[in-house]
Amino acid sequence: MGKYLKTADTDWYKQRLIRVMLCVSGAFFILLIRLFYLQVVQGQELRRLSENNCIRLHSTDASRGMIFDRNGILLVDNRPAFDLSIILKDAKPVDRTIEKLAKLIEVPVSELKKKIVHNKGMSSYKPILLKQDIGRDALAAVEVRKFDLPGIVVNIKPRRHYIKRQSAAHLIGYLSEINSDELKSGKYPECKGGDFIGKFGVEKGFERFLKGRRGGRQVEVNVMGQVVKVLKTVDAVPGQNIYLTIDYILQKKAEALLEGVAGAVVAMDPETGNILVMASSPSFDQNAFVNGMSHKQWDSLISNPLRPMENKAVQGEYPPASTFKIVTAIAGLEEGVIDENTTMHCPGYYKYGNRIYRCWRRGGHGSVNIIKALSESCDVFFYQVGQKLGIDRLAFYAKACGLGTATGINLDGEAEGLIPTSAWKKRRTGISWQGGETLSVAIGQGYDLSTPLQMLVLTSALANGGTRYKPLILKSVKTADGDIVIQNKRQVMGRLPAGKKTLAIVKKGLREVVNSPKGTARIANIKGIDISGKTGTAQVVGRHNEPNLSEKDMPEQFRAHAWFVSYAPSVDPKIAVAVFVEHGGHGSTAAAPIAREIIRTYLETDEYGRQLKAEISKQ
1 MGKYLKTADT
11 DWYKQRLIRV
21 MLCVSGAFFI
31 LLIRLFYLQV
41 VQGQELRRLS
51 ENNCIRLHST
61 DASRGMIFDR
71 NGILLVDNRP
81 AFDLSIILKD
91 AKPVDRTIEK
101 LAKLIEVPVS
111 ELKKKIVHNK
121 GMSSYKPILL
131 KQDIGRDALA
141 AVEVRKFDLP
151 GIVVNIKPRR
161 HYIKRQSAAH
171 LIGYLSEINS
181 DELKSGKYPE
191 CKGGDFIGKF
201 GVEKGFERFL
211 KGRRGGRQVE
221 VNVMGQVVKV
231 LKTVDAVPGQ
241 NIYLTIDYIL
251 QKKAEALLEG
261 VAGAVVAMDP
271 ETGNILVMAS
281 SPSFDQNAFV
291 NGMSHKQWDS
301 LISNPLRPME
311 NKAVQGEYPP
321 ASTFKIVTAI
331 AGLEEGVIDE
341 NTTMHCPGYY
351 KYGNRIYRCW
361 RRGGHGSVNI
371 IKALSESCDV
381 FFYQVGQKLG
391 IDRLAFYAKA
401 CGLGTATGIN
411 LDGEAEGLIP
421 TSAWKKRRTG
431 ISWQGGETLS
441 VAIGQGYDLS
451 TPLQMLVLTS
461 ALANGGTRYK
471 PLILKSVKTA
481 DGDIVIQNKR
491 QVMGRLPAGK
501 KTLAIVKKGL
511 REVVNSPKGT
521 ARIANIKGID
531 ISGKTGTAQV
541 VGRHNEPNLS
551 EKDMPEQFRA
561 HAWFVSYAPS
571 VDPKIAVAVF
581 VEHGGHGSTA
591 AAPIAREIIR
601 TYLETDEYGR
611 QLKAEISKQ
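The opening residue of the sequence shown carries number 1 in our numbering; numbering runs sequentially from there.
The set of hints was computed from the structure by calculation and includes no laboratory data. Heads up, none of these hints are tricks.
Calculated lysine-lysine pairs in the DSS-like style (CA-CA distance at most 27 Å, straight line): (1) LYS187 <-> LYS115; (2) LYS229 <-> LYS146; (3) LYS126 <-> LYS232; (4) LYS229 <-> LYS157; (5) LYS574 <-> LYS518; (6) LYS157 <-> LYS199; (7) LYS100 <-> LYS146; (8) LYS425 <-> LYS399; (9) LYS296 <-> LYS131; (10) LYS89 <-> LYS232; (11) LYS184 <-> LYS126; (12) LYS131 <-> LYS229.
Just so we're clear, the structure is a prediction, and the values are computed from it rather than from any experiment.
Work out the full structure, taking the sequences as your base and the hints as a guide.
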């Protein structure tokens, strides 16, 4: 019996042992096969996934350079913004994560999914931007529930902030998100989708200084995609700071004077070419472009008949009207057509061929020399000068004065204006030039077109004795530590085609414009400040439809454009100003008072100094 039990137990144990060994061997064999598959067949791919799953590269945006005025008043800086992104690899299940997120940030699920679809084909480890600048309430809601939102990442990025809302908007410009065409162009090699770049004005023109250099972090993440350790950091390099030539106090003054009208004010230091003011009205809010503008907002801007997106100082082309008489006077004196003693009689009209050309003063100016003709803006005098010169000689002097050519200012979209010649008309229309057309051009009407900036450069050159300086908007570029990278220097573009005697005569006439009892801009006279200038009243198409109405009672679209170009003091000038008001009526009443206040603000140093000190103390 004992022997039987012993034999039975031994066989049973042997069988169990064999079974266990077979099972262990099978499991081990399966494990070997699995290991072979993972190590050999899928080894390379799994190693890549493992590394990507554990170690990520996070880029860090550089802080964009700030923008200051000439006196160090801060105009543009950066504020922190919170951008929401998703990493699809970590966000599984994606649909559930998106649904939870949509409720928290109050954005339709369809909108978030659209962003993901738009980035289809992108690596699942790359973050997809879902919403920019989400706001602190949404940020708090996401952070509280971050463990329920796998793959959702919040990045802090510097966002452009235009402190002086709408001030100098056309000069400074704005940022906006880079589009697909710009990404493909190769002009922005360091940019990626979602980045913001300068689209207009200084922001665009000086992008290379302002943008800085992106940094990054190498981090270790867990299975939720959350950072557990920072392995390596490369600091971003902030952009360089821009100091403009404009004077914010003066800029603000000009914008206040233009409020409610369409037009432009541009001022310059005549000895350097530094732009002190560049105001265009109406303006726009640059922050709207950074924060995201709706189609409705954009449509309202581009459909506005007053063209708020146009920098009228640089891009607006208008008949220069009687401000062009400066050119006609220079040409007549230099060509010997007239001299200081030449007189002509103005009965209020001039007959040429079978047509009557009217003077703005219906009763006429009587006997007129060049000084009186400039002072009182006698059309009849300049009709005759223009007739004797002919269109091509007149055009030569206009172009030599810088008209009909871009000034070269470092801003996109500068208009060239137009100075007609006989060949130009023949080429354009196939019709020969008519003598009567020269009369219109001689007083700045007809085909003549100029920008306020062109007229300012001409006026500044006259003020300083004949040198045409390139208009400059950049004073300096500095690093974040304050080291100077670039310091601007005045740049000579050429000289006026006039000798000292001619310039002296013309300048005498311009002084009388403001200081003579019958001068057209006597309203601009300031006690203690000697101002010189020239008014202009540019008639517009359609005025003839309302011939008997006064300028005041005329429909706005038929009212003349108003010009005034000026400099002060008349001797040793410190500032030159050009003012243009669309449909403002007469230059004497609509434009000259604006220039007067700009000059007063700039030259009355005590008042100016107090304003500057107060403005700086607010920062």
